[in-house]
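Student: So you can see what is in the structure, the chains are spelled out below.
Protein chains: 2
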Amino acid sequence: MHAEPPRLSALIQALCRLPGIGKKSAQRISYHLLQRDRDGARSLAAGLTEAMDNIGSCQRCRNFSETPICDLCLSDKRDSSLLCIVESPVDVFAMEEAGYKGKYFVLMGHLSPLDGIGPQELGLDKLAAYLAGSSGAEAGGEVREVILATNSTMEGEATAHFINGIVQRHDIRVTRIAHGVPLGGELEYIDSNTLSHALAGRREISE
Amino acid sequence: MHAEPPRLSALIQALCRLPGIGKKSAQRISYHLLQRDRDGARSLAAGLTEAMDNIGSCQRCRNFSETPICDLCLSDKRDSSLLCIVESPVDVFAMEEAGYKGKYFVLMGHLSPLDGIGPQELGLDKLAAYLAGSSGAEAGGEVREVILATNSTMEGEATAHFINGIVQRHDIRVTRIAHGVPLGGELEYIDSNTLSHALAGRREISE
Numbered sequence: 072m073h074a075e076p077p078r079l080s081a082l083i084q085a086l087c088r089l090p091g092i093g094k095k096s097a098q099r100i101s102y103h104l105l106q107r108d109r110d111g112a113r114s115l116a117a118g119l120t121e122a123m124d125n126i127g128s129c130q131r132c133r134n135f136s137e138t139p140i141c142d143l144c145l146s147d148k149r150d151s152s153l154l155c156i157v158e159s160p161v162d163v164f165a166m167e168e169a170g171y172k173g174k175y176f177v178l179m180g181h182l183s184p185l186d187g188i189g190p191q192e193l194g195l196d197k198l199a200a201y202l203a204g205s206s207g208a209e210a211g212g213e214v215r216e217v218i219l220a221t222n223s224t225m226e227g228e229a230t231a232h233f234i235n236g237i238v239q240r241h242d243i244r245v246t247r248i249a250h251g252v253p254l255g256g257e258l259e260y261i262d263s264n265t266l267s268h269a270l271a272g273r274r275e276i277s278e
Numbered sequence: 072m073h074a075e076p077p078r079l080s081a082l083i084q085a086l087c088r089l090p091g092i093g094k095k096s097a098q099r100i101s102y103h104l105l106q107r108d109r110d111g112a113r114s115l116a117a118g119l120t121e122a123m124d125n126i127g128s129c130q131r132c133r134n135f136s137e138t139p140i141c142d143l144c145l146s147d148k149r150d151s152s153l154l155c156i157v158e159s160p161v162d163v164f165a166m167e168e169a170g171y172k173g174k175y176f177v178l179m180g181h182l183s184p185l186d187g188i189g190p191q192e193l194g195l196d197k198l199a200a201y202l203a204g205s206s207g208a209e210a211g212g213e214v215r216e217v218i219l220a221t222n223s224t225m226e227g228e229a230t231a232h233f234i235n236g237i238v239q240r241h242d243i244r245v246t247r248i249a250h251g252v253p254l255g256g257e258l259e260y261i262d263s264n265t266l267s268h269a270l271a272g273r274r275e276i277s278e
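In order, the protein sequence lines correspond to chains A and B. The first sequence begins at 72 in the numbering used here and counts up by one. The second sequence begins at 72 in the numbering used here and counts up by one.
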């Protein structure tokens, strides 16, 4: 059989580790880079190293940050009476797109005892400290509403439920984002669980 | 709007340059690497650099190689009376899968005058030298059949036609891989050009 240069095979294998990239795409990408975009490959290598070496977690909200406290936490243009709890940094991105203007707390996962992910791994002690306003600096204390925006999966729901228990100890309002029919969704194609949620969460129409 | 850490944005942009990777996948990959596979990211960065710095072209067949002459060209287990001409290294891979056992010449592209790709860029002078057996070392000379396996596109056909002209100057047989109905293909779904090729290339069934 054909002997690929060993470093080419190594590159293909490294690319295969990326989510959503199979053997075929990895091959295509490698050949493309070698044939047409060696500069791109080098800048990607530099970008990867730079990012891995310099991006850590914000000490307050646990989101990705290059500084000890992230820009979002430091910003005084955000409503610090609102704290939105999400599972991962991508969700922060999604919430921003949706126009949310408060602060965040990023769990970096969800409760999953079988995988050894408990309250400690999700930084829930940090969250408690945040809410108590004792997490150092000018954080917390002022939080008046916690919005649970974990995913609508079994694990996400369990996590939301668990966090609810923590927040209830403080004098803070807790809300969960609404579940229902997505905009543009047709009833015919919505699963029955979602529909029953949408039904239970129906609201008065005010003129 | 949300301020991503600048190095994260830079990484996402570098990933977007890869073929088949859009903004969304790039984001997903970056977050995945940061959150769960920093080692993978570092080994990918190393792999990229290693590959770009060490993989060049074989001086004889122009395929990717870490050595001046590639393993395939040096191998004495390959039939050196057969020379298969392909457009790119991926095609070498495909031919190997198909069980081809001869030697190769890789054009690294196809004739495309509008993009400034002429005979020179495809190394056709090298090919002529190869065929004349004068490309140094123990190459060529012994080639008795050139198989044109460029793609079955307009550019591929034009390239094949052009190379045919070069090979004809030597006393060497030139063949083109067959075009026709792919195995498992149903006539109903085959385009008419392919079908007319298949018809024109029909062969006697010998018992």
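Derived from the structure by calculation, the hints contain no laboratory data. Since the model is a prediction, treat every value here as computed from it, not as a measurement. Hints may be right or wrong, so weigh each one.
Said to hold, decoys possible - Computed footprint of chain B on chain A, listed as stretches where at least three residues anywhere in the stretch have a Cβ under 8 angstroms from a Cβ of chain B:
#	region
1	119 to 126
2	159 to 165
3	225 to 233
4	264 to 274
Claimed, not checked - DEER-style ranges, computed between Cβ atoms:
#	chain 1	residue 1	chain 2	residue 2	range
5	B	80	A	145	48 to 56 angstroms
6	B	189	A	145	53 to 61 angstroms
7	A	224	B	187	28 to 36 angstroms
8	B	109	A	265	35 to 43 angstroms
Just so you know, even glycine gets a beta-carbon here, dropped at the ideal spot from N, CA and C.
Student: Do three or more residues of the region 119 to 126 of chain A come closer than 8 angstroms to chain B, measuring C-beta to C-beta?
Tutor: Answer holds; 7 residues pass the 8 angstroms Cβ test.
Student: For the region 159 to 165 of chain A, does the count of residues with a C-beta closer than 8 angstroms to a C-beta of chain B reach 3?
Tutor: holds (count 5)
Student: Is 53 to 61 angstroms a correct range for the gap between the Cβ atoms of residue 189/B and residue 145/A?
Tutor: holds, 57 angstroms
Student: Is 48 to 56 angstroms respected by the C-beta to C-beta distance linking residue 80/B and residue 145/A?
Tutor: violated, 18 angstroms
Student: Quick check: do three or more residues in the region 225 to 233 of chain A have a beta carbon closer than 8 angstroms to a beta carbon of chain B?
Tutor: That given contact is violated, which follows from only 0 residues of the region 225 to 233 of chain A lying within Cβ reach (below 8 angstroms) of chain B.
Student: How does the coverage statement for the region 264 to 274 of chain A fare against chain B, requiring three or more residues with Cβ below 8 angstroms from a Cβ of that chain?
Tutor: violated (count 0)
Student: Is the distance from the Cβ of residue 109/B to the Cβ of residue 265/A consistent with 35 to 43 angstroms?
Tutor: holds, 36 angstroms
Student: Mind checking the hinted window 28 to 36 angstroms against the Cβ distance between residue 224/A and residue 187/B?
Tutor: violated, 53 angstroms
This entry does not satisfy hints 3, 4, 5 and 7, going by the numbered hints stated previously.
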